[in-house]
Amino acid sequence: MPVKSPVAPEDELDPLPPKTRRVGFSQTLSRWDVKVSPYLYISPFFILFLITGLFPILYTGYVSVHQWQMLQGQGDFVGFKNFTDVFGQPDFWKSLRNTFSIFLLSSIPQVIAAILIAALLDQNLRAKTFWRMGVLLPYVVAPVAVGLIFGRLFADQSGLINSWLTAIGLPAVQWHVSPLASHFAIATMVNFRWTGYNALIFLAAMQAVPRELYEAAIIDGAGRVRQFFSVTIPQIRATVIFIVITSTIGGLQIFDEPRVFDSTGQGGASRQWLTMTLYLYNTGWSGQYNLGRAAAIAWLLFLLILAIGMVNFFVTQRIATGSGAPSKREIKAAKQRYDAQRKSA
Amino acid sequence: MSSIPAIQQSAGKGAARAAARRANRKVGGYDRRPHVVIYVLLALVVLIGLLPLYYTLVIGSSDPVAIAQKALPQLFPDLSIFDKFKEVVNAQSFSFWQAVWNSVIIAVVVSASTVMFSTLAGFAFAKLRFPGRRGLLVFVIATMAVPTQLGVVPLYIVMSKLGWIGHLQAVIVPSLVGAFGVFWMTQYLEEALPYELIEAARVDGASMFRTFWAIALPAARPAAAMLALFTFVAQWVNFFWPSIVLNNQNPTLPLAVRLLQQNYFVDYSLIMAGVFLMTLPLLVLFAFAGRQLVAGIMAGAVKG
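Line by line, the protein sequences are chains A and B.
Positions 1 to 345 (our numbering) are the ones given, in order, by the first sequence.
Positions 1 to 304 (our numbering) are the ones given, in order, by the second sequence.
Hints in this document: simulated from the structure, not taken from any laboratory.
These numbers were taken from a predicted model, which means no experiment stands behind them.
Don't take every hint at face value.
Taking lysine to any residue pairs in the SDA-like style, the calculated list, with each CA pair at most 25 Å apart, reads [what the hints assert, rightly or not]:
no., chain 1, residue 1, chain 2, residue 2
1, B, Lys161, A, Val177
2, B, Lys161, A, Leu48
3, A, Lys35, B, Phe76
4, B, Lys70, A, Gly268
5, B, Lys161, A, Phe46
6, A, Lys128, B, Arg33
7, B, Lys161, A, Thr166
8, B, Lys86, B, Phe96
9, B, Lys13, A, Arg126
10, B, Lys70, A, Ser158
11, B, Lys161, A, Tyr59
12, A, Lys128, B, Glu190
13, B, Lys161, A, Ser158
14, B, Lys70, A, Gln157
15, A, Lys128, B, Leu282
16, B, Lys86, B, Phe76
17, A, Lys35, B, Val138
18, A, Lys128, B, Ala16
19, B, Lys70, A, Val173
20, A, Lys128, B, Ala43
21, A, Lys94, A, Val177
22, A, Lys128, B, Ala287
23, A, Lys128, B, Val45
24, B, Lys70, A, Thr166
25, A, Lys35, B, Pro218
26, A, Lys128, B, Gln292
27, B, Lys161, A, Met70
28, B, Lys161, A, Gln288
29, A, Lys35, B, Glu190
30, B, Lys161, A, Val78
31, B, Lys70, A, Asp262
The whole structure should be built from the sequences, with the hints applied where relevant.
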């Protein structure tokens, strides 16, 4: 934030001493305007956040330690019973496993693919905007639509993917039966929608990398691959961390795609692709109507996101600093070598 | 070969710049046009993005029985897709036009209010001095990290106490303004709006709100347009919260399309026609405003 402090408007108005009561009143009004307006302008966000954000979060804690059914409403205080009940349910552990598995299957390939696509886009392309738009197109397809489309593509009997697999002599995969296969299918949907979006964020970071670094690397004899790993990746480190964290938060909350992956929305016959958010929804709103337990799941999900987010942060930071990134001194030396070469050429 | 200053003298600046670029290309710099392989790879990526939409049209215009037997009953979509569109529009289980109307109302109202309130707050955070400014801004940013699911249960309880379950305001009110919008407008106005303009308006005797209306709002237009686009897309595709507080009698488009799946006999051509109808408005929007959306993502990335 810039610390340029502007001349406060009231200072400019002050020199005129009030001559009549009317002027004095309008000045008071103006000073009041200056003092109160900022708070007035930011208040919609804070009021709304208090009512629909902060209050519900605290209240979730309250609900989670009570017996609470949708129709009967608030029941007795039960302490941590809702939590222990959740822990006692095999479906919870399945949803935990599934969430992790889908999250890993989606975020890792997604980040890698996004960086590679960004590297393709980070060239002196003809029709730049066209390619950028083309890559972003899947982003405007609703997750529900993506879920329904891929649910069809990955159909067990007559899906396009299976007919391709059998066409090249491979066995058909039971996408809606095997847990891992269903996770792969759902992760594909997530990747479909978000890879292009993330690629553009990476592209923005790559465009900010000083071009001399590449030219210096070329002169040093680095090929495209070497440039990519030794110049691009270390330079966009902060963005990598940002994307990994946001895709973690998104990935752990996944709901729309697994919900529409089959027509019942229960997460599969033996809950193969039940995710935590879907489990939360099914506990609270479809079938059990147990809001107390749903609130307990919400808290557990929150703690999980927090924990993974932190692990993520430290790991990405480690990887990014630990790799063969050139130090500042090496970069400077390379720049000098490059300048010298250009001058002599 | 003549030197670049010589070219500039004889053929003008444009020619000189082109010559400089050509010279640079030989060194292997950024200005060099990429190899054709790059274009092929990118075209492949775009095709993969288009394939599912194409598949939607093919399945949508196919006979339901044929779909059950073959993955691709035909290679190209045909005009029978329009019969399926008609069938979706006249569906018995929900009112299609009601769903369209609901989606439009939600997306438009939320976009408009998000832009208005975010710009107001952004103006205050970026350009007005007041005690607690910094702390409050940090707080706004911190709220972005809280997952939406955490507050879902009590928010539902609140909505049902208000009697809003099944009504659009249950979807609209909680999303009237968000942390992302406030942050986005703050970042933008910080750079785009010079203090001198505000001071000039104040000296001319304009009230704070008039200053905002006449000076800040016009300056915020590019960022506001992007924020409106993003909010519109996010609301149009929103599923989790509407699926909790709205019911089948009053769905938005994503909920309605899901309703198509819940019949005893699942008619995939009907579902895919519905999916396409639901996506079409955003595709049209994207065709016109995709450039801005791309620019918005790229700008947001640098600043965020």
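Going through the hints against the structure:
| no. | hint | in the structure |
| --- | --- | --- |
| 1 | B:Lys161 with A:Val177 | violated, 41 Å |
| 2 | B:Lys161 with A:Leu48 | holds, 17 Å |
| 3 | A:Lys35 with B:Phe76 | violated, 65 Å |
| 4 | B:Lys70 with A:Gly268 | holds, 23 Å |
| 5 | B:Lys161 with A:Phe46 | holds, 22 Å |
| 6 | A:Lys128 with B:Arg33 | holds, 12 Å |
| 7 | B:Lys161 with A:Thr166 | violated, 55 Å |
| 8 | B:Lys86 with B:Phe96 | holds, 10 Å |
| 9 | B:Lys13 with A:Arg126 | holds, 22 Å |
| 10 | B:Lys70 with A:Ser158 | holds, 5 Å |
| 11 | B:Lys161 with A:Tyr59 | holds, 14 Å |
| 12 | A:Lys128 with B:Glu190 | violated, 29 Å |
| 13 | B:Lys161 with A:Ser158 | violated, 47 Å |
| 14 | B:Lys70 with A:Gln157 | holds, 8 Å |
| 15 | A:Lys128 with B:Leu282 | holds, 22 Å |
| 16 | B:Lys86 with B:Phe76 | holds, 20 Å |
| 17 | A:Lys35 with B:Val138 | holds, 21 Å |
| 18 | A:Lys128 with B:Ala16 | holds, 23 Å |
| 19 | B:Lys70 with A:Val173 | holds, 16 Å |
| 20 | A:Lys128 with B:Ala43 | holds, 12 Å |
| 21 | A:Lys94 with A:Val177 | holds, 14 Å |
| 22 | A:Lys128 with B:Ala287 | holds, 15 Å |
| 23 | A:Lys128 with B:Val45 | holds, 14 Å |
| 24 | B:Lys70 with A:Thr166 | holds, 12 Å |
| 25 | A:Lys35 with B:Pro218 | holds, 23 Å |
| 26 | A:Lys128 with B:Gln292 | holds, 13 Å |
| 27 | B:Lys161 with A:Met70 | holds, 12 Å |
| 28 | B:Lys161 with A:Gln288 | holds, 20 Å |
| 29 | A:Lys35 with B:Glu190 | holds, 20 Å |
| 30 | B:Lys161 with A:Val78 | holds, 23 Å |
| 31 | B:Lys70 with A:Asp262 | holds, 19 Å |
Figure legend: structure checked against the earlier numbered hints; hints not met, in rising order: 1, 3, 7, 12 and 13.
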